[in-house]
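Given next are the chains, with one letter for each unit.
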Amino acid sequence: MNDDHAAVQAAMAAAAQATGGMLYPELAAQSDESVVKEGRRLDHAEGTSHPIRPPSEPQPRGARVRGNRRVSQSEAANRFIAATQHEKMHDERLWDLRQKRDRVMHRIPEWEELRSLASAIKEHTLTHLDEYLDQFEANARSNGIHVHWARDGAEHNRIVHNILRDRGATSLIKSKSMLTEECGFRDYMASVGVKVIETDLGERIQQLDNEDPSHVVVPAVHKLRTDVAQVFAKTLGTDPGNSDVHYLAEAQREATRPLILKADAGMTGANFVVAETGTFVVCTNEGNADLSANVPQLHIASIGIEKIIPRLEHLAVFVRLLSRSALGSPMTQYTSHFRGPRAGGEMHVVLVDNGRSKRLGMEEFWTSLKCIRCGACMNTCPVYRRSGGLSYGATYSGPIGLIIDPTFNRHKYSALPFSSTLNGSCTNVCPVKINIHEQIAAWRKVMAENHELPLMKKSAMKAAGILLAHPTLYRAAIASADVALNVLPRFAIYNRLNAWGRHREVPHAPHQTFHSWYRKNRGTQ
Amino acid sequence: MSSRDDILGAVRANLPKLVRPLPWVPMFDDAEPTSLLAAFRESLIDMGGDFLDAPPGEDPLQPIRQRLADAKVVCSATPEVPGNRSLSDVHVPQDLADVDIGVVRAAFAVAETGSICLTDGNLGVNALGYLSQHLIVLLDPADIVVNLHHAYQRPEFRQGSYATFHTGPSATADIEGVLIHGAQGARSLTVVPVPRL
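If you read the sequences in order, they're chains A and B.
Start counting the first sequence at 1; every next residue gets the next number (this note's numbering).
Start counting the second sequence at 1; every next residue gets the next number (this note's numbering).
Think of the hints as simulated: they come from the structure by calculation, not from any bench.
Hints may be right or wrong, so weigh each one.
What the hints assert, rightly or not - Taking lysine-lysine and the DSS-like style, the derived pairs with C-alpha atoms no more than 30 Å apart in a straight line are:
| # | chain 1 | residue 1 | chain 2 | residue 2 |
| --- | --- | --- | --- | --- |
| 1 | A | K370 | B | K72 |
| 2 | A | K88 | A | K433 |
| 3 | B | K17 | A | K37 |
What the hints assert, rightly or not - Partial selection, computed: residues in chain B whose CB lies under 7 Å from chain A:
| # | residue |
| --- | --- |
| 4 | M1 |
| 5 | R4 |
| 6 | I7 |
| 7 | L8 |
| 8 | F28 |
| 9 | E32 |
| 10 | M47 |
| 11 | H91 |
| 12 | N126 |
| 13 | A163 |
| 14 | G185 |
| 15 | S188 |
For glycine and all other residues, C-beta sits at the position ideal for the given N, C-alpha and C.
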């Protein structure tokens with residue numbers, strides 16, 4: 001009896017510890033699939049801090065993107081939310097990354113100082129961008145790197161194609177790069193007959209499923225293991241009934257290895273570029289960028305011009321912040337510094353503008369160029385966590401996407417700045433201190449001034465504008481709305497016209513407005 | 001006009017007219033741990049690495065001798081471990097495709113993160129660090145710096161064409177956050193403290 005009681009208590013304590021801090025304790029897994037060393041359960045890289053395992057469910061797909069038409073994030077988000085297991089798992093995993101980030105942050109007393117330094121270094125570099133680009137180019141050239149410049153995505157793709165064609169290369173292994181996503185690189189290469197193989201597991205899953213990455217760091221975070229099992233069964237010939245994660249990852253390793261060994265060329269992006277040494281730095285957890293760079297004879301790196309920093313000593317600041325902010329892991333498993341081609345190898349760098357120089361001139365938005373693509377703003381965002389990255393229908397999703405995407409196409413992405421609660425959490429976690437939520441608000445203003453507001457918002461804003469400009473009218477409206485909220489039947493409050501009532505309970509209205517309370521209690525006015 | 005001139009011209013025309021001085025970066029080394037080796041070991045284990053040290057006074061390579069003897073192909077870039085695949089027989093990186101264990105000497109290590117630094121000189125052929133199924137790294141305990149600020153003061157980043165931090169083995173958790181070692185690169189990384197010859 002006593003033993004039973006103790007055993008039950010121990011099991012309950014273990015369960016409480018295992019699910020501590022979980023948003024959805026019902027997702028807690030019975031068995032733990034993570035690695036244990038010296039009695040420690042490991043959760044480095046993008047590993048979860050708890051064993052979790054949701055039931056399977058068909059995968060919801062992303063936003064409907066049609067030419068230049070305005071993308072509706074909320075339409076796709078509604079479908080994601082309707083897929084309950086996907087929504088919960090997505091929310092749980094990203095919130096877990098946010099909590100892991102907080103834990104490693106607390107272990108570094110100088111964390112806030114590092115953020116301030118990172119912001120200051122980036123702002124200095126961006127205000128001297130021409131000089132540092134010039135310096136990097138000269139140093140890289142003297143190290144034996146071929147440096148190319150591309151005004152936009154199309155020019156980038158042509159440059160890479162020419163390099164490959166001149167060397168008879170028809171297959172390319174590459175590591176994950178948001179820049180090549182911007183450039184529509186894979187589609188272009190397919191059209192000219194070059195076979196591109198993504199080597200990051202998440203990115204490979206997305207490539208095989210013909211989907212864009214849904215997150216800048218964890219590209220397939222919106223998928224469940226059963227979704228991956230289906231994709232691999234169709235494309236790699238794995239057992240469709242086997243969704244064991246170790247089995248799936250191993251199958252992918254075995255399938256990709258021969259492609260890596262046979263590839264004619266390798267491509268990487270870059271996380272940082274150091275002007276004083278002509279070095280570029282690539283961070284991965286899988287080692288796939290190093291395979292792409294070090295196995296084929298030819299290495300091409302595609303790099304956005306904003307990635308530059310002045311000196312090696314500055315690199316320490318950014319490397320310390322990057323993986324901690326992204327995944328709550330102290331460092332990526334691999335942080336590689338390329339200063340020139342290896343013996344017998346050939347190395348090319350393509351420096352890409354693609355709208356960055358224009359963004360530099362936008363008074364309210366130029367500091368978005370400080371972004372180091374860690375994804376911390378996405379992991380903390382309540383809208384992103386519950387709607388999935390593909391709902392944004394754009395290269396960049398989440399809070400950073402809301403302020404970058406409209407610089408590529410103001411009309412198509414005009415609704416995106418409204419996919420935010422403006423709670424400011426993104427700004428608080430940003431390792432380079434971009435005022436993300438303020439820029440989101442500023443974009444809303446730009447959209448309104450450019451007549452890019454969606455129709456429903458426009459009529460609501462117009463009505464609000466009239467009310468807010470007329471104090472008497474406003475007070476009467478508020479008082480009657482409060483009364484109405486308390487007496488109206490549910491269907492009148494929770495309907496399609498009230499977006500605020502769609503997924504939440506509208507708060508109880510006070511019996512008295514502040515204005516009437518003030519008039520009664522604090523004299524005349 | 002060339003793309004280069006176009007881009008640099010556009011950058012110059014759009015430079016924010018603001019004064020933003022370059023800040024001085026401290027070394028953040030006030031609270032140095034009493035043992036750099038112990039701190040390094042802790043960080044390494046958390047990142048999925050292994051640390052194998054022999055009892056004091058014994059052969060420091062003893063903990064890995066059996067593994068080396070059991071492996072089919074061992075390629076070593078160190079004089080301490082002979083191996084059975086000579087780097088001089090490796091003409092292209094693909095020749096390393098069947099290596100079971102690669103053995104390298106670390107240039108130095110970082111206590112803060114549990115990272116070891118490998119240069120192209122340490123690796124002999126860069127791909128040895130990634131095509132090998134398992135990696136064994138010899139580290140002189142005297143070669144540990146406290147943090148990344150100290151690491152980037154080292155000469156390795158100003159010489160040679162390649163320097164990399166390995167912090168544990170290849171890892172992924174891209175599927176449902178389940179941590180897996182050996183996503184694409186080495187399945188394990190074992191650090192053995194061995195003073196330089």
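Task: Interface hint status, B/A163 versus chain A (Cβ within 7 Å) - done: Given a least distance of 5 Å, the restraint on B/A163 holds.
Open item on the list: Does B/G185 hold up as a contact with chain A if the rule is Cβ-Cβ below 7 Å?
Closed with: 3 Å, holds
Task: Per-residue hint verdict: B/H91, partner chain A, C-beta under 7 Å - done: 9 Å, violated
Open item on the list: Quick check on B/S188 please, does its C-beta sit within 7 Å of some C-beta on chain A?
Closed with: Violated, because the Cβ-Cβ distance from B/S188 to chain A comes to roughly 10 Å (cut-off 7 Å).
Open item on the list: Between the alpha carbons of A/K370 and B/K72, is the straight-line distance 30 Å or under?
Closed with: 49 Å, violated
Task: Hint validity - B/L8 Cβ closer than 7 Å to any chain A Cβ - done: 5 Å, holds
TODO: For the hint on B/I7, just tell me whether its beta-carbon gets within less than 7 Å of chain A.
DONE: 5 Å, holds
Open item on the list: Does the closest beta carbon of chain A sit nearer than 7 Å to the beta carbon of B/E32?
Closed with: 13 Å, violated
Open item on the list: Checking hints one by one. Is B/R4 an interface residue toward chain A, by the C-beta closer than 7 Å rule?
Closed with: 4 Å, holds
TODO: With a cut-off of 7 Å on the beta carbons, see whether B/F28 makes it to chain A.
DONE: 5 Å, holds
Task: Closest C-beta approach of B/N126 to chain A relative to 7 Å, hint status - done: Holds - the Cβ of B/N126 comes within 7 Å of chain A, reaching about 4 Å at its closest.
Open item on the list: What's the verdict on A/K88 and A/K433, does the C-alpha distance respect the 30 Å limit or exceed it?
Closed with: Satisfied, since the Cα-Cα distance of roughly 29 Å is no more than 30 Å.
Violated hints, in rising order: 1, 3, 4, 9, 11, 15; the structure is consistent with all others.
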